[in-house]
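These protein sequence lines map, in sequence, to chains A and B.
All letters in the first sequence, in the order written, are residues 1 to 323 by the working numbering.
All letters in the second sequence, in the order written, are residues 1 to 323 by the working numbering.
Treat the hints with caution; some may be incorrect.
Treat identical chains as interchangeable: a pair holds within one or across any two.
As the list claims (entries may be wrong) - Listed below are the simulated EDC-like cross-link pairs for lysine to aspartate or glutamate, each with C-alpha atoms no more than 20 Å apart in a straight line: (1) K105 <-> E297; (2) K143 <-> D62; (3) K105 <-> D29; (4) K143 <-> D242; (5) K105 <-> D30; (6) K143 <-> E323; (7) K105 <-> E207; (8) K105 <-> E4; (9) K143 <-> E63; (10) K105 <-> E323; (11) K143 <-> E163; (12) K105 <-> D320; (13) K143 <-> D125; (14) K105 <-> D242.
If you're looking for bench data, these hints aren't it; they were derived computationally from the structure.
Just so we're clear, the structure is a prediction, and the values are computed from it rather than from any experiment.
Number of protein chains: 2
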Amino acid sequence: MNIEMIRAAATRLSGHARVTPLLNSPFLDDIAGRRVWIKPECLQHTGSFKFRGAWSALSALDEGTRSAGVIAFSSGNHAQGVALAAQMHGVPSVIVMPSDAPALKIENTRALGAEVVLYDRGSEDRDIIGAQLAEERGLTLIKPYDEPQVIAGQGTTGLEIAEQAAAVGVVAADVIVCCGGGGLTSGIALALEADAPGLRVRPAEPEGFDDVTRSLRSGGIERNSAVSGNICDAIITPQPGDLTFPIMQRLCGPGLVITEDEALHAMALAFLRVKVVAEPGGAAALAAALCRQDQIEGDDVIVTISGGNVDPALFQRALDTLE
Amino acid sequence: MNIEMIRAAATRLSGHARVTPLLNSPFLDDIAGRRVWIKPECLQHTGSFKFRGAWSALSALDEGTRSAGVIAFSSGNHAQGVALAAQMHGVPSVIVMPSDAPALKIENTRALGAEVVLYDRGSEDRDIIGAQLAEERGLTLIKPYDEPQVIAGQGTTGLEIAEQAAAVGVVAADVIVCCGGGGLTSGIALALEADAPGLRVRPAEPEGFDDVTRSLRSGGIERNSAVSGNICDAIITPQPGDLTFPIMQRLCGPGLVITEDEALHAMALAFLRVKVVAEPGGAAALAAALCRQDQIEGDDVIVTISGGNVDPALFQRALDTLE
Chain A
1 MNIEMIRAAA TRLSGHARVT PLLNSPFLDD IAGRRVWIKP ECLQHTGSFK
51 FRGAWSALSA LDEGTRSAGV IAFSSGNHAQ GVALAAQMHG VPSVIVMPSD
101 APALKIENTR ALGAEVVLYD RGSEDRDIIG AQLAEERGLT LIKPYDEPQV
151 IAGQGTTGLE IAEQAAAVGV VAADVIVCCG GGGLTSGIAL ALEADAPGLR
201 VRPAEPEGFD DVTRSLRSGG IERNSAVSGN ICDAIITPQP GDLTFPIMQR
251 LCGPGLVITE DEALHAMALA FLRVKVVAEP GGAAALAAAL CRQDQIEGDD
301 VIVTISGGNV DPALFQRALD TLE
Chain B
1 MNIEMIRAAA TRLSGHARVT PLLNSPFLDD IAGRRVWIKP ECLQHTGSFK
51 FRGAWSALSA LDEGTRSAGV IAFSSGNHAQ GVALAAQMHG VPSVIVMPSD
101 APALKIENTR ALGAEVVLYD RGSEDRDIIG AQLAEERGLT LIKPYDEPQV
151 IAGQGTTGLE IAEQAAAVGV VAADVIVCCG GGGLTSGIAL ALEADAPGLR
201 VRPAEPEGFD DVTRSLRSGG IERNSAVSGN ICDAIITPQP GDLTFPIMQR
251 LCGPGLVITE DEALHAMALA FLRVKVVAEP GGAAALAAAL CRQDQIEGDD
301 VIVTISGGNV DPALFQRALD TLE
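In isolation and in its complexed conformation, chain A is listed as follows:
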């Protein structure tokens, strides 16, 4: 895993993934006590950065392997990223989802051209189902984060941040990244190490699901005691990845932990001040910039909004925090 892989992924993504802009607002600067720069990956295809990693992984396969198709386990942003990247490559995709996943997510993934295979969480093992399908059809598994070409794709976000930060004169700042398994976080960290060494990545996580923050503190991989029960579901994983953690350990500053209410209010401020739609997990980094000022240094802070796939009802709860 190295910077050359990220640069090669950027070449493959060019003209297919979107270059998202860097946004800001004087109103957010006032709240944070420093300038806040937002990288809105909610504006990426399928509404999250996951499309970058999916496209990177698919485009890195040799044509024979790719044409047989790909498979992924996900009911969320990774599923949609893989489905669209496969559709744009003209190859089949199979997404294995729990049968109790929200109907809208199943429908959206199907609409992006994927074959959705449902399994019963209580009685069936998704790994066995997936392995069997992969073998029968020659499908390649696209893992959500612990996979070099996926990390390389997410890292292209960091190449853009380096360039865009330099364009606004920011050469030293914390870059807070919404962090689940660490694919985006480690990819951005590697990109910045090469292209903007004054920018330091710090993961943001929800309270109670701060495995990366604790792992960085203890120096070894720590697990979450639960993997559900928080509105920031998009960035909750059991533990940091085996590939991503050593990168984060080498390059990242301390993690920042935010509450559900803080994530909701950050969503509302993203609506009000920069006109983008953030999902709760996607707003974690902005929440940290706005609510953990005392744990951040410097005149500038950069944050990712990693995704915007949120149900209207939950978004309305976020808007209610403005009253």
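Using the hints provided, position chain B relative to the given structure of chain A.
Showing chain B alone in chain A's frame:
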């Protein structure tokens, strides 16, 4: 008014205004029956394209004139655009607003550094108040649309559309523009005439406030019978501008008229599918692309989302249309 003024404005705006991306979604393509490309000017500074025209006008003044300050009449997007452009130039701005304007708009405009002068709509004449202030302090009036340097600034949106459309292989399409006084519409039309002659601008307006659509049809300036009473308030003006109308008449295709409910639903789809916040008037062009398919030709359509300054309560009404 010519293309060279738009190119000169683009040079002055470079590094100050944002280059907004071009967004799309297969879900919107399905609804529209053709590919839909969205230019989200809601992501511009102050949440609307108005910042472009304001920056263009301010930066075109000679330094002595500019340093005395500027004045504008507006309670909406133009006010915020002028206030921020003046603040970024380090010069004073006075915004004349009706005293019954929403408190949040007054507060936002003040927060952007403007001096807000309130007048009573019933008993006072804003033109007299403004003229007196301008004379006393040597302020320059920045008109909202019928002003060459403002049109030139809005036209920079068209230069970007021409380049971004070419990058995705679109050389012939209707470009639907949310239309009030016609500053954005005529500016984009001039830019496309020069840089993308296969792209034709068409104004979008709310039902009952379709002065430009009717004027284009009759060949002479037609007035609206009212100037309030529609949620698309940002794009309602008494009549097309004296400068903007001849440009629209020469270059634009027929107008498209949408209802309030269609605007609300387009806002909801912008939320769901491209993760941006549109205000009702800002969603008019998208609504036209989605709901007036039979009045549009070709495999592609381009639409502006001209602004995103919408109150949470009204946005919740839009989200309710998804249920």
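Q. Which holds for K105 with E297 at a C-alpha limit of 20 Å: within a copy, between copies, both or neither?
A. neither (39 Å within a copy, 32 Å between copies)
Q: At 20 Å max between alpha carbons, let me know whether K143 reaches E163 within a copy, between copies, both or neither.
A: neither (28 Å within a copy, 36 Å between copies)
(Q) One pair to classify: K105 and E4, alpha carbons no more than 20 Å apart. Within, between, both, or neither? (A) neither (35 Å within a copy, 48 Å between copies)
(Q) Please sort K105 with D30 into within, between, both or neither, judging by C-alpha distance up to 20 Å. (A) Classified as between: cross-chain Cα gap 17 Å, same-chain 37 Å, threshold 20 Å.
Q) Given identical chains, is K143 near D125, meaning Cα to Cα at most 20 Å, within a copy, between copies, both, or neither? A) within (17 Å within a copy, 66 Å between copies)
Q.
With identical chains, the pair K143 and D242 could be close in the same copy or across copies; at 20 Å between alpha carbons, which is it: within, between, both, or neither?
A. Classified as within: same-chain Cα gap 12 Å, cross-chain 60 Å, threshold 20 Å.
Q: Using 20 Å as the alpha carbon limit, work out where K105 and D242 are close: within a copy, between copies, both or neither.
A: neither (28 Å within a copy, 50 Å between copies)
Q: Give the relationship of K143 and D62 under a CA distance limit of 20 Å: within one copy only, between copies only, both, or neither.
A: within (17 Å within a copy, 58 Å between copies)
Q: Go through the copies and call it for K105 and D320: within, between, both or neither, with a Cα cutoff of 20 Å.
A: between (24 Å within a copy, 19 Å between copies)
Q: Evaluate K105 and E323 at a C-alpha cut-off of 20 Å and name the case that applies: within, between, both or neither.
A: For K105 and E323, only the inter-copy Cα distance (15 Å) is at most 20 Å; the intra-copy one is 30 Å.
Q: With 20 Å as the alpha-carbon cut-off, assign the pair K105 and E207 to within, between, both or neither.
A: Close neither inside one copy (25 Å) nor across copies (35 Å); limit 20 Å.
(Q) When Cα atoms must be at most 20 Å apart, do K143 and E323 count as within-copy, between-copy, both, or neither? (A) neither (41 Å within a copy, 34 Å between copies)
Hint compliance for this structure: hints 1, 6, 7, 8, 11, 14 are not met, and every other hint is.
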